[in-house]
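Q: Below are the chains, spelled out letter by letter.
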Amino acid sequence: MKVAITSTGESLESRLDQRFGRCAFFVIYDTETGGVEILPNPNKDAVEGAGPASVRLVASKDVKKIISGEFGVNIKPLLDSLKIQMVAIREPERTVKSVIDMLKNNQ
Amino acid sequence: MSPRPKRLRRVSNPPVISGFKPYGGLAKAGKPQSVFLHLEEYEVLRLCDYENFNHHEAARVMNVSRPTLTRIYSKARAKIADALVTGKQIIIEGGKVYFDSEWYKCNGCGCLFNQPEKSVTPEKCTLCGDNSIVTYDPVDDPAPDARRSFSDICVCPACGYEKRHEHSRRCRDERCLVCGSRLMRKNNLPATDI
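Chains as they are written, first to last, in my numbering: chain A, 32 to 138; chain B, 257 to 450.
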């Protein structure tokens, strides 16, 4: 299963981005292979519609779970209809690596 | 020009059955003709005729406008009437809907998560695997301050009025206090002189 984690930077040491639609990078972690892919978010500076556009981006990568800080109001209907799970962690200090470690320990 | 895409209609739970079959009388042997009742039409009947909501309330529950709800309702009644009068079977499927998922909170790591698959009830946290999870209602959130952790700005495109973006409120639903225009999210790119 693939998991998307919103990140503020391009490395695993970066902190979790508290925003979903306008996060800086998506870290896509594959729980089966342990592989990691880092995608820059083209909607980072969007004025409107960043959320739905980001949903399309991660859905095209066949992601089944998204981990971020918060999700905007437009996101939940879209993700519910695509059956993608949302996880909100309201800790701005948490690093992407620690989130991946939690997922690893949970298997 | 292509028409505006339909809004996703919120349906709280999938129906307990997937349809109805006619029997007796002049119902012909073999496969009867079918009427396809969309899931949104099923939900409208449930809200308006079973729960006795008025159209305003039901529209709010389904996240559509009141006129749209009334249109879905009349279509639902027309289909049911057709099935009853002409002896067709009713199949409940299709429609532009989503099933509203519930939020859960993990007491172990403090994260919130939802369960998009309605048929399974989660037993442990999807992130840390802790067994201590409770259902969570975002409406009575005790710590809204945690939502202010990012500093986006809403800006008025007409006069440049700025205010701090409030989470879970769309910028275009906010009005400028100076000139009354709809606000937009401020672009994070550095300003350029044109």
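No lab work stands behind these hints: they were computed from the structure. Since the structure is predicted, the reported quantities are computational estimates derived from the model, not experimental observations. Some clues are possibly wrong.
Negatives, chain A to chain B, calculated, CB over 10 Å [what the hints assert, rightly or not]:
#1 Ser42
#2 Ala84
#3 Lys96
#4 Leu113
Each computed DMTMM-like pair below joins lysine to aspartate or glutamate, with the alpha-carbon atoms no more than 25 Å apart [to be verified]:
#5 A:Lys114 to A:Glu44
#6 B:Lys344 to B:Glu373
#7 A:Lys95 to A:Asp132
#8 A:Lys114 to A:Glu63
#9 B:Lys262 to B:Glu373
#10 A:Lys33 to B:Asp408
#11 B:Lys380 to A:Glu63
#12 A:Lys95 to B:Glu313
#13 A:Lys135 to B:Glu313
#14 A:Lys135 to A:Asp76
#15 B:Lys331 to B:Glu313
#16 B:Lys287 to B:Asp305
#17 A:Lys95 to B:Asp338
#18 A:Lys114 to B:Asp386
#19 B:Lys277 to B:Glu313
#20 A:Lys75 to A:Glu44
#21 A:Lys75 to B:Glu418
#22 A:Lys75 to B:Glu313
#23 B:Lys442 to A:Asp93
#24 B:Lys380 to A:Glu122
#25 B:Lys380 to A:Glu41
#26 B:Lys361 to A:Glu124
#27 A:Lys95 to B:Asp393
#28 A:Lys33 to B:Glu430
#29 A:Lys92 to A:Glu68
#30 B:Lys419 to A:Asp93
#31 A:Lys135 to A:Glu79
#32 A:Lys75 to B:Asp408
#33 B:Lys442 to A:Asp132
#34 A:Lys33 to B:Glu358
#35 B:Lys361 to B:Asp338
#36 A:Lys114 to B:Glu418
#37 B:Lys374 to B:Glu358
#38 A:Lys95 to B:Glu418
#39 B:Lys442 to A:Glu68
All C-beta atoms in this analysis are idealised placements derived from N, C-alpha and C, irrespective of residue type, glycine included.
Q: Decide, hint by hint, whether the structure agrees.
A: Evaluated hints:
1. Ser42: Label holds. Min Cβ-Cβ 20 Å, cutoff 10 Å.
2. Ala84: holds, 13 Å
3. Lys96: violated, 7 Å
4. Leu113: violated, 8 Å
5. A:Lys114 to A:Glu44: violated, 29 Å
6. B:Lys344 to B:Glu373: Given pair Lys344 of chain B, Glu373 of chain B is violated - Cα atoms ~31 Å apart, limit 25 Å.
7. A:Lys95 to A:Asp132: Answer holds: Lys95 of chain A to Asp132 of chain A is near 18 Å, not above 25 Å.
8. A:Lys114 to A:Glu63: holds, 19 Å
9. B:Lys262 to B:Glu373: holds, 23 Å
10. A:Lys33 to B:Asp408: Violated. Lys33 of chain A to Asp408 of chain B sits at ~29 Å, over the 25 Å cutoff.
11. B:Lys380 to A:Glu63: holds, 20 Å
12. A:Lys95 to B:Glu313: violated, 33 Å
13. A:Lys135 to B:Glu313: violated, 45 Å
14. A:Lys135 to A:Asp76: Since the Cα atoms of Lys135 of chain A and Asp76 of chain A sit roughly 32 Å apart, the hinted pair is violated (cutoff 25 Å).
15. B:Lys331 to B:Glu313: holds, 19 Å
16. B:Lys287 to B:Asp305: Distance ~30 Å between Lys287 of chain B and Asp305 of chain B Cα, so the pair is violated.
17. A:Lys95 to B:Asp338: Roughly 41 Å separates the two Cα atoms, so the pair is violated.
18. A:Lys114 to B:Asp386: holds, 23 Å
19. B:Lys277 to B:Glu313: violated, 31 Å
20. A:Lys75 to A:Glu44: The given pair, whose Cα atoms are some 20 Å apart, holds under the 25 Å limit.
21. A:Lys75 to B:Glu418: holds, 19 Å
22. A:Lys75 to B:Glu313: Cα-Cα ~36 Å, so violated.
23. B:Lys442 to A:Asp93: Violated, at about 30 Å.
24. B:Lys380 to A:Glu122: holds, 20 Å
25. B:Lys380 to A:Glu41: Given that 25 Å is the threshold and the Cα spacing comes to 31 Å, the pair is violated.
26. B:Lys361 to A:Glu124: holds, 19 Å
27. A:Lys95 to B:Asp393: Measuring from Cα to Cα gives roughly 23 Å; hence the hint holds.
28. A:Lys33 to B:Glu430: Distance ~36 Å between Lys33 of chain A and Glu430 of chain B Cα, so the pair is violated.
29. A:Lys92 to A:Glu68: holds, 10 Å
30. B:Lys419 to A:Asp93: violated, 36 Å
31. A:Lys135 to A:Glu79: Answer violated: Lys135 of chain A to Glu79 of chain A is near 35 Å, above 25 Å.
32. A:Lys75 to B:Asp408: holds, 12 Å
33. B:Lys442 to A:Asp132: Given pair Lys442 of chain B, Asp132 of chain A is violated - Cα atoms ~35 Å apart, limit 25 Å.
34. A:Lys33 to B:Glu358: holds, 22 Å
35. B:Lys361 to B:Asp338: violated, 46 Å
36. A:Lys114 to B:Glu418: Given that 25 Å is the threshold and the Cα spacing comes to 36 Å, the pair is violated.
37. B:Lys374 to B:Glu358: holds, 9 Å
38. A:Lys95 to B:Glu418: violated, 36 Å
39. B:Lys442 to A:Glu68: violated, 29 Å
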